[in-house]
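Line order of the protein sequences matches chains L and H. Under this note's numbering, the residue at position 74 of the first sequence is numbered 74, and the numbers go up by one with no gaps. Under this note's numbering, the residue at position 56 of the second sequence is numbered 56, and the numbers go up by one with no gaps.
Simulated from the structure, these hints should not be mistaken for lab results. A portion of the hints provided could be inaccurate.
[Claimed, not checked] In silico DSS-like cross-links for lysine-lysine, where the CA-CA straight-line distance does not exceed 30 Å:
hint, chain 1, residue 1, chain 2, residue 2
1, L, 65, H, 56
2, L, 18, H, 67
3, H, 56, H, 97
4, L, 17, L, 57
5, H, 97, H, 67
6, L, 18, L, 69
7, L, 65, L, 17
8, H, 97, L, 69
9, L, 17, H, 42
10, H, 97, H, 42
11, H, 109, H, 97
12, L, 17, L, 69
13, H, 67, L, 71
14, L, 18, L, 71
15, H, 97, L, 71
16, L, 65, L, 18
17, H, 42, L, 57
18, L, 57, L, 18
19, H, 56, H, 67
20, H, 109, H, 42
21, L, 65, H, 42
22, L, 57, H, 67
23, H, 42, L, 69
24, L, 57, L, 71
25, L, 18, H, 42
26, L, 17, L, 71
27, L, 57, L, 69
28, H, 109, H, 56
29, L, 57, H, 97
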Amino acid sequence: EAQVTQNPRYLITVTGKKLTVTCSQNMNHEYMSWYRQDPGLGLRQIYYSMNVEVTDKGDVPEGYKVSRKEKRNFPLILESPSPNQTSLYFCASSLGTGTYEQYFGPGTRLTVT
Amino acid sequence: QKEVEQNSGPLSVPEGAIASLNCTYSDRGSQSFFWYRQYSGKSPELIMSIYSNGDKEDGRFTAQLNKASQYVSLLIRDSQPSDSATYLCAVTPVGFKTIFGAGTRLFVKA
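Work out the full structure, taking the sequences as your base and the hints as a guide.
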């Protein structure tokens, strides 16, 4: 089944404790992206990647890191989480080559206390 | 000014009616436009994409794009209660950078 998977789906952590949210897609998509969704603010892009080893900042990259070492994986790293990073996070992938329709993972609900 | 604006709603329509959802964007160079549907507690799913001026139809859905006026709309014909969701407008101004609107909540009353 073609899909984008994220792990974990739910995470409660404490301020300053490094964490990684994994994202993987099995559709051989070129493009991948991370979003956070907050009430009233909609989906905001954190980082995106248009190819292996190629990443770029979205609208809200502060406090986040990403890496794209393999085509299928695009982990999101929070090196020192803070309470304002409590949010619902979505990973998405897109075929690429000028096609930008995105397919989303199930989401990761993160709470930082 | 927000880069992609949508009325937050809620928009309420009776079953069988046409629902009209609108979106405006600020980056005149934007080339790709999308509508996503998001049910409560679920992830967004793509409904329509449109890249050139005019209308694009897919089943009960029609996307309309007017680049000169910088707006994109989504019409849902014969609305069903199962269409009740939040509809997200998205614009790709450059590369894979994507800007989403805050979404319009739609309620279809049976």
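Evaluation of the provided hints:
1. For the given pair, residue 65 of chain L sits about 38 Å from residue 56 of chain H by alpha-carbon distance, which is inconsistent with the 30 Å threshold.
2. Taking the CA atoms of residue 18 of chain L and residue 67 of chain H, the gap is about 44 Å. The hint is violated against a cut of 30 Å.
3. Proposed proximity of residue 56 of chain H and residue 97 of chain H is supported: the alpha carbons are some 23 Å apart, at most 30 Å.
4. A hinted pair counts as satisfied when its Cα atoms are at most 30 Å apart, and residue 17 of chain L with residue 57 of chain L qualifies at roughly 23 Å.
5. With a C-alpha separation of about 18 Å, the suggested pairing of residue 97 of chain H with residue 67 of chain H holds against the 30 Å cut-off.
6. The straight-line distance between the Cα atoms of residue 18 of chain L and residue 69 of chain L is roughly 20 Å, inside the 30 Å bound, and the hint therefore holds.
7. As the CA atoms of residue 65 of chain L and residue 17 of chain L are separated by approximately 14 Å, the hinted pair is consistent with the 30 Å bound.
8. This hinted pair checks out: residue 97 of chain H and residue 69 of chain L have alpha carbons roughly 20 Å apart, not beyond 30 Å.
9. Between residue 17 of chain L and residue 42 of chain H, the direct Cα distance comes to roughly 27 Å. Compliance with the 30 Å bound is thereby established for this hinted pair.
10. About 23 Å separates the Cα atoms of residue 97 of chain H and residue 42 of chain H, which keeps this hinted pair within 30 Å; it holds.
11. Note on residue 109 of chain H and residue 97 of chain H: the hinted pairing is violated, with a Cα-Cα distance of about 36 Å set against a maximum of 30 Å.
12. At most 30 Å may separate the alpha-carbon atoms for a hinted pair to count; residue 17 of chain L and residue 69 of chain L meet this at roughly 23 Å.
13. Distance check on the hinted pair: residue 67 of chain H and residue 71 of chain L sit about 34 Å apart at the alpha-carbon level, beyond 30 Å; violated.
14. Restraint check for residue 18 of chain L and residue 71 of chain L: satisfied, since their Cα atoms lie roughly 24 Å apart, inside the 30 Å limit.
15. Of the pairs offered as hints, the one joining residue 97 of chain H and residue 71 of chain L holds, with about 18 Å between alpha carbons and a cut-off of 30 Å not exceeded.
16. For the given pair, residue 65 of chain L sits about 11 Å from residue 18 of chain L by alpha-carbon distance, which is consistent with the 30 Å threshold.
17. As the CA atoms of residue 42 of chain H and residue 57 of chain L are separated by approximately 25 Å, the hinted pair is consistent with the 30 Å bound.
18. Restraint check for residue 57 of chain L and residue 18 of chain L: satisfied, since their Cα atoms lie roughly 20 Å apart, inside the 30 Å limit.
19. With a C-alpha separation of about 14 Å, the suggested pairing of residue 56 of chain H with residue 67 of chain H holds against the 30 Å cut-off.
20. Between residue 109 of chain H and residue 42 of chain H, the direct Cα distance comes to roughly 21 Å. Compliance with the 30 Å bound is thereby established for this hinted pair.
21. Note on residue 65 of chain L and residue 42 of chain H: the hinted pairing holds, with a Cα-Cα distance of about 25 Å set against a maximum of 30 Å.
22. Restraint check: the Cα-Cα separation between residue 57 of chain L and residue 67 of chain H comes to about 26 Å, which is no more than 30 Å; the hinted pair holds.
23. At roughly 28 Å between alpha-carbon atoms, residue 42 of chain H and residue 69 of chain L fall within 30 Å of each other, so this suggested pair holds.
24. For the hint pairing residue 57 of chain L with residue 71 of chain L, the CA-to-CA distance comes to about 18 Å; that is within 30 Å, so the pair holds.
25. Taken as a hint, the residue 18 of chain L and residue 42 of chain H pair is honoured in the structure, with Cα atoms around 26 Å apart against an allowance of 30 Å.
26. For the hint pairing residue 17 of chain L with residue 71 of chain L, the CA-to-CA distance comes to about 27 Å; that is within 30 Å, so the pair holds.
27. Distance restraint check for residue 57 of chain L and residue 69 of chain L: the Cα-Cα separation of roughly 17 Å lies within the 30 Å cut-off, and the hinted pair is therefore satisfied.
28. For the hint linking residue 109 of chain H to residue 56 of chain H, the alpha-carbon distance of about 26 Å falls within 30 Å, and the restraint holds.
29. For the given pair, residue 57 of chain L sits about 8 Å from residue 97 of chain H by alpha-carbon distance, which is consistent with the 30 Å threshold.
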